[in-house]
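On the provided structure of chain S, position chains L and C as indicated by the hints.
Chains as they are written, first to last, in this note's numbering: chain S, -6 to 282; chain L, 239 to 478; chain C, -10 to 343.
Among these hints, one or two may not hold up.
Stated by the list, open to error - Incomplete in silico selection of chain C near chain L, CB under 10 Å:
#1 P145
#2 R186
#3 I189
#4 A190
#5 I191
#6 R192
#7 E193
#8 T196
#9 R197
#10 A198
#11 L201
#12 Y203
#13 D204
#14 I205
#15 L210
#16 R331
Derived from the structure by calculation, the hints contain no laboratory data. Bear in mind that the values here come from a model prediction, so they are computed numbers and not experimental data. All C-beta atoms, glycine included, are put in the ideal place defined by N, C-alpha and C.
In case you want the letters, here they are:
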Amino acid sequence: MDLVVSLALQILYGIANLALISLGLAIIFGMMRVINLAHGEFLMLGGYTVVIATNNGVNIWIAMLVLAPLVVGVIGVVVERLLIRWLYGRMIDTLLATWGLSLLIIGLVTSIFGASTATTISPPLGVITIGSYTSSGYEMFLIVVTVLLLVAVYATLKLTTLGLVARGTMQNAEMSSALGVSTSRIYMITFGLGAAVTGLAGGLLAPITGILPTIGAVYIAKAFITVISGGMAILAGTATASALLGGVNGIVAFLTGPTLGEVALLVTAIILLRLMPRGITGTLFRKSL
Amino acid sequence: MNRAEIVLETRNLSMHFGGVRAVDRVDFSLSENELRCLIGPNGAGKSTFFKCLTGQLRPTAGDVLIRDVDVTGREPHEIGALGVGIKTQVPNVFEGLTTEENIWISARRWHRSSRARTLTTETIERLQLGDVRSEPVGRLAHGQRQWVELGMVVAAEPWLVLLDEPAAGMTHEETVRTAELIREINRTATLIVVEHDMQFIRMISRRVTLFHEGGILMEDTMEAISADARARQVYLGHRA
Amino acid sequence: MRLSRDFRGTLVIAVCGLAFTLFAPEVLEFFTIITLSQVIGLAILALSLALVWGFGGILCFGQTAFFGLGAYAYAVTATNIGGSTGAILMAILVAAAFAAILGYFIFYGRVSDVYLAIITLTVALILYSLTRRTSGPEYKIGNALLGGFNGTAAPPLNLPGDAGTVLFPEDTFYVAMIALILAYVFCCWLVRTHFGRVCIAIRENETRAELLAYDIRLYKLGIFIIGAALAGLGGVFFCVGVSRVTPDVFSLSQAAVAIIWVIVGGRGTLIGPILATFALHYLTASLGSQALLNANLVLGTVLIVFVLLVPKGVVPSIIDLADIRRQRRVARSRERRLRLRRTRNGNETAGVGK
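In isolation and in its complexed conformation, chain S is listed as follows (with noise of 0.2 Å):
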């Protein structure tokens, strides 16, 4: 019994980790139909901002849970201003504009902070024994974090008037700039919000995984698989990709390992994708957020 409770909130905790991840590059996905691929290195940024801030004396919540986003946000927005505006309707220069830009912040990180963490900032392992949770603790706090970060950007899109902009953006971008809507607006909030959304879930995961330049990496391929298995649909893309892709990693890892983990998620994402090439919600759901 304990073996299948344990085993679950594993599971889980693999489910919302890929939420978790995902949801701000989900979010630019689904309202702009850019993938940015300078993804990784938000989550990266969000991840130094914590460890900087508390190495300074800031408390580790205000520093994930309010730092982290805030200024990954705003570095969201000077990217949007300066570089991804001048590319709209160009898709593919933008995905190439994005990862020069996550060349770019890997090759600044480095040569401010160093190639690895232990050099110039002090060891993770005291963020991680901060607050003192236990790790287990900590992946009950996060799958907690991730349940409510899905309802308020719910909350948001059905609620606000920003909201209602962007889910008629989402739908017709064209038809909303018509309506007065100023789309350039629309995009500098939503690359921020989704940058912030990204900083949040980076901060928050650092002191998990530790911080590095590159650590990016680790979850790039995760955090895309899940967004284009997902396709448009913000919220019910991440949450049925997540659902599918976590559960049929965690129980492959459980059964084989971690390493046939990853390849069962990557399998089970190509076959769907043949199946459904537009995403689940390009196929299911269409009509959810």
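Frame of chain S; chains L and C shown alone:
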């Protein structure tokens, strides 16, 4: 109609988008060597019907038969492989390639290299595209691009030709020339032409099918349709 | 006539390549020659992506997956059978077979654009994390230990059929260069065949190609597999040049540089990405030795600058410039002739008038 002469037929063909019945239970047949025009006001369903014939849309219900072969829901390339030449409403050309290359790609699908080259040259002459032979099609004027596309259709030497608005956006002179071309194609092939332009239809048509609200309202000569009260009602009602 | 002019260009480039092959060992240092074999491997990777992306229009962000699989397949096979000839074939086969399976799902599922780019990139990244996990002694294929993130040793090339006679680094350089030249000529030929032209046509307009009765899925799959086979061959020379293959062949930055070579060299040309590989490799290598600027920083900047300012890449931009100048020259001379004729006519009419 003699069954043996029927080359294209739809039975109970329907295409629904959500609650909209764009094409609703259409029975249609076309006999060999015919030149049939499909007309109707905007939203009458003729373009959707056309796309179901060419494999660009998979019909919700019903069948499409070409020479008694069921091709419902087949891929466009499978329909093309039966020897059907198709021109879509939105000009579909290879923008970055030259006129010559565009037409060669079509001819080469069916013929060996040397024959394809001769056929390409012939087609270019036939369509009077010699001046822009080596121009990238993306740089040509709209009318010429339409002709390049017609050239691609012709160069494949199809026996059945489906054209969606071949004269759209053309000047009067170009329209006249296109009408000539279509009559010329009709000498060796059966045609369906979807059109808006009534003048153009008068230039080419023998038999006309009038679409209205997803179905066939009537089928007759252009003169008869022009004189018909219902047909006029359909057009005027929508124009008002 | 245009065909023959194009082909003359290919020949000129091939001859230049041959001249470089013959003279490089005379002029360059021994160490540079060793590094060059490795760069040639990368250049073949760039060529394969130039073919698949530039001509096939397939946005394969994870071309390095095939490159890395080729390298691993070579190292494992050569370690096991003790000869390199069969191992090279194996590398090409493994890369092509993997592309065939992956490509089937992608193209027959009609996955395109962003989805295709991300799926292929993800495949490379998953291979990266997979190979990194193979550090234990249980991860071995035959005699070859996969070695986790330290990678596995790649045996040197040997004479075909004679595993005892190992090639010297200069000889390896010759072989690699000739492979590159042959691969280049092959690609130039391929894009002019019926198959190649149909692939280009599909890049230009999928719907039109389908309506002309071409099964675009099959053509895309075909060029994808050919590209993967080439990338696998590139992987062989890369790992032979370094004597090792590590999971880094599958890394995100490796995938990025492959894309950068093609962007910088120019989509739609074959020689551009090859030259860009050599140039950028030289640039990052010299930056790396100075340790002034981080290589990622430079590559990231290069990519952004090119996407924003030179989206066509260097070689096509040069060709465009040359075209514009030629057109201007033609226009100017035509104008001069016209003016001449006009003055002459003018004189005649003036004469008549008198």
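### Query
Looking back at the hints listed earlier, which ones does the structure fail to meet?
Violated hints: 1, 15, 16; rest satisfied.
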